[in-house]
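*Asks:* If you want the building blocks of each chain, they are given just below.
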Amino acid sequence: MSERLLELVGVSKTYEADASLWARLMGAGGAVRAVSEVDLTVTRGETLGLVGESGCGKSTLARLILKLEEVTGGDVIFDGRNVTGLGPQHLAWFRSRVQIVFQDPQSSLNRSYRVETILASALRLHRGLKRRSDLREAAADLLRLVGLDPAFLDRYPHELSGGQRQRVGIARALSVEPDLLVLDEPVSALDVSIQAQIVNLLHDLQRRLGLTYVFISHDLNVVRYLADRVAVMYFGRIVETGPVETIYRRPRHPYTRVLLSAVALPDPEHELPTETALTGEVPSPLAPPSGCAFHPRCPLAQERCRRERPELREVGGVAVACHLVES
Amino acid sequence: MSTVVVERQSVTQPAPKASRRWLRQLWRDPLALISLVVLAVVLAAAIAPTWIATHSHVRPSMERLVPPSTERLMGTDQFGRDVFSRAVVAAQVSIAVGVITVVLALAIGVPLGAVAGFYGPGPIDTTIMRIMDVMLAFPPIILAIAVIAALGTESIEIGPFEIPHIAKLMFVIGLLYAPQVARVVRSAVLVEKNEQYVMAERALGASRPRILFRDVLRNCISPISVQATVLVANAIIAEASLSFLGLGIQPPQPSWGGMLADAKTYVQSGEWWLTVFPGMLIFVTVCALNVLGDYLRDVLDPREATAGAP
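Protein sequences, first through last, are from chains A and B. So the first sequence is numbered by my numbering: it starts at 55 and just counts up by one. So the second sequence is numbered by my numbering: it starts at 3 and just counts up by one.
Hints listed in this document are in silico derivations from the structure and should not be mistaken for laboratory results. Be a bit skeptical, because a hint or two may be false.
As the list claims (entries may be wrong) - Label-pair distances were calculated between CB atoms; the ranges are:
id	chain 1	residue 1	chain 2	residue 2	range
1	A	R186	B	W29	32 to 42 Å
2	A	H257	B	R26	55 to 65 Å
3	A	A146	B	T129	27 to 37 Å
4	B	R26	A	D203	26 to 36 Å
5	B	D300	A	R262	43 to 53 Å
6	B	V105	A	E100	54 to 64 Å
7	B	W24	A	D208	14 to 24 Å
8	B	R30	A	P342	53 to 63 Å
9	A	A146	B	I126	22 to 32 Å
10	A	R262	B	S21	37 to 47 Å
Since the structure is predicted, the reported quantities are computational estimates derived from the model, not experimental observations. Cβ coordinates follow ideal geometry from the N, Cα and C atoms, glycine included.
Please take these sequences and the hints and turn them into a complete structure.
*Replies:* Here's what the structure looks like:
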């Protein structure tokens, strides 16, 4: 039992832009770095919020944590064990301890199967249940756990509402009794009223089951409510990470400041940052900018930002990757 | 936010059973209903021709070229054989060739297309699909003619097995239709494999073959059945064409295409029943199969099942 449940050490993921044999022979086709040298630690029982714009590498990082894709650099250490090159016999162990909930509950449930079959498939794989009645009983328990009536076992996904589907998605992830749950924008596709229900459910489940969450979202208010610590990603790198309240009250990285200025926080004492809205696009991953990846859009960029890439360093309880932040 | 209430979601009326839904949809679609009746009649003729046929389908009689009457429903041909009875027996050949051919095409095409789509892009996908493309590049009828011209229209013996000509015919047409199945399956799998449930199953530790054959292919049943239905129709036309050219079913065994070939000299001399009835049977059967294909596409996709429901 390690207090550090998940550690990412210099995790990188590079995709070949054109993987055809011809392109490789001709040396054509660039490489895309989706995730670059990410260091992260998630402590048992906490919630880490991962925020950033679309395309910044959040979901890729989620797939790397789940080992749905292999890292091209660095190590993923889970519960004190390096799982980077895990063999098939240990993979089953890993699969039973780390699970994921996806953004789109429409697509994440197989539309051809009833809820019972969807849940039973996982239960059969991990809990070794064989008898049909046992499986049904265990599946019913899972539905009760996520606040659904067991009568939903006989429904098909298209007969459920978005919120109900997402509850089934959470139930499936919980079927293996995992320690770590990666939540990849679990409420982004839902109605606002349903979002609150699901967020409350997640909060409640964490307390009851002692789960650890990696919560990926671009909804900063939800992250503030659920997360203990937050990591801000930009262009495949972590630019700022620390306790959620510290960062929300005093964002240091220019990108975090712009990000937070774009949200209305329900806090009367909160001072609105003065930065203007972000201009420009996320740079093309095929032609990454020199130095700090944020410099083309940064209102404060200086000559040094164009040349040198800032490293993450400790500043007042948080870690920031910016040249301009004074220690 | 200290007390969190987990909402109990109520259970509404359960959805109607799939079979009930299909029946209801069938009543709303008269064209599909008619097609189903037509196919049922043809199928009955194919299964039990002796119950339906009124005369012998091979024995000649003195009543030559008799026009249709209540006694001779479709008249008689130049040898005095009953056209109706011959058409009924010929239905058996057409249906058998159509169905067995497509089963063969599915048996070859579905696994190839599924593997190509699921494990692609890469060398597996490229190898399989380029071979399929080469086969698709040939016009099937011409290729079938070439193969049958090479193998002959007699039954052939391979070791202890005697392969009848009709089996050769089915094998050739089935092989030629496999690439069409493979292409449809591959494109359906390409769409399905990007659905998030595939990733969810992988996260749960399901193996790739299990995900492909249990989850992904299950959701490809709709395009596969549509394609299969249309291919049955195509195979019936192919068999009729080959029989018309004298390469398919050999006389005196009747087949719709062969009956047309025998009758072609009588088109101008006024014996219309010799060509019209077999031709109509081919036309109506093929049309019915195509309509059925459309109906299946509408009814098989569970995502569309809620459409029209209150």
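*Asks:* Work down the list of hints and note, for each, if the structure agrees.
*Replies:* Hint check:
Separated by about 35 Å at the C-beta atoms, A/R186 and B/W29 satisfy the suggested range of 32 to 42 Å. At roughly 44 Å, the beta-carbon separation of A/H257 and B/R26 lies outside the given 55 to 65 Å, and the hint is violated. As the Cβ distance of A/A146 to B/T129 is approximately 32 Å, the hint placing it in 27 to 37 Å holds. For the pair B/R26 and A/D203, the supplied restraint of 26 to 36 Å holds, since their beta-carbon distance comes to about 27 Å.
Against the hinted window of 43 to 53 Å, the Cβ-Cβ separation of B/D300 and A/R262 comes to about 45 Å, which satisfies the hint. Taking the beta carbon of each, B/V105 and A/E100 are about 57 Å apart, inside 54 to 64 Å as hinted. Taken as a hint, the range 14 to 24 Å holds for the pair B/W24 and A/D208, whose Cβ atoms sit roughly 19 Å apart. A C-beta distance of roughly 57 Å is found between B/R30 and A/P342, which places it inside the suggested range of 53 to 63 Å.
Taken as a hint, the range 22 to 32 Å holds for the pair A/A146 and B/I126, whose Cβ atoms sit roughly 26 Å apart. Judged by the Cβ atoms, the range 37 to 47 Å given for A/R262 and B/S21 holds: they are separated by roughly 41 Å.
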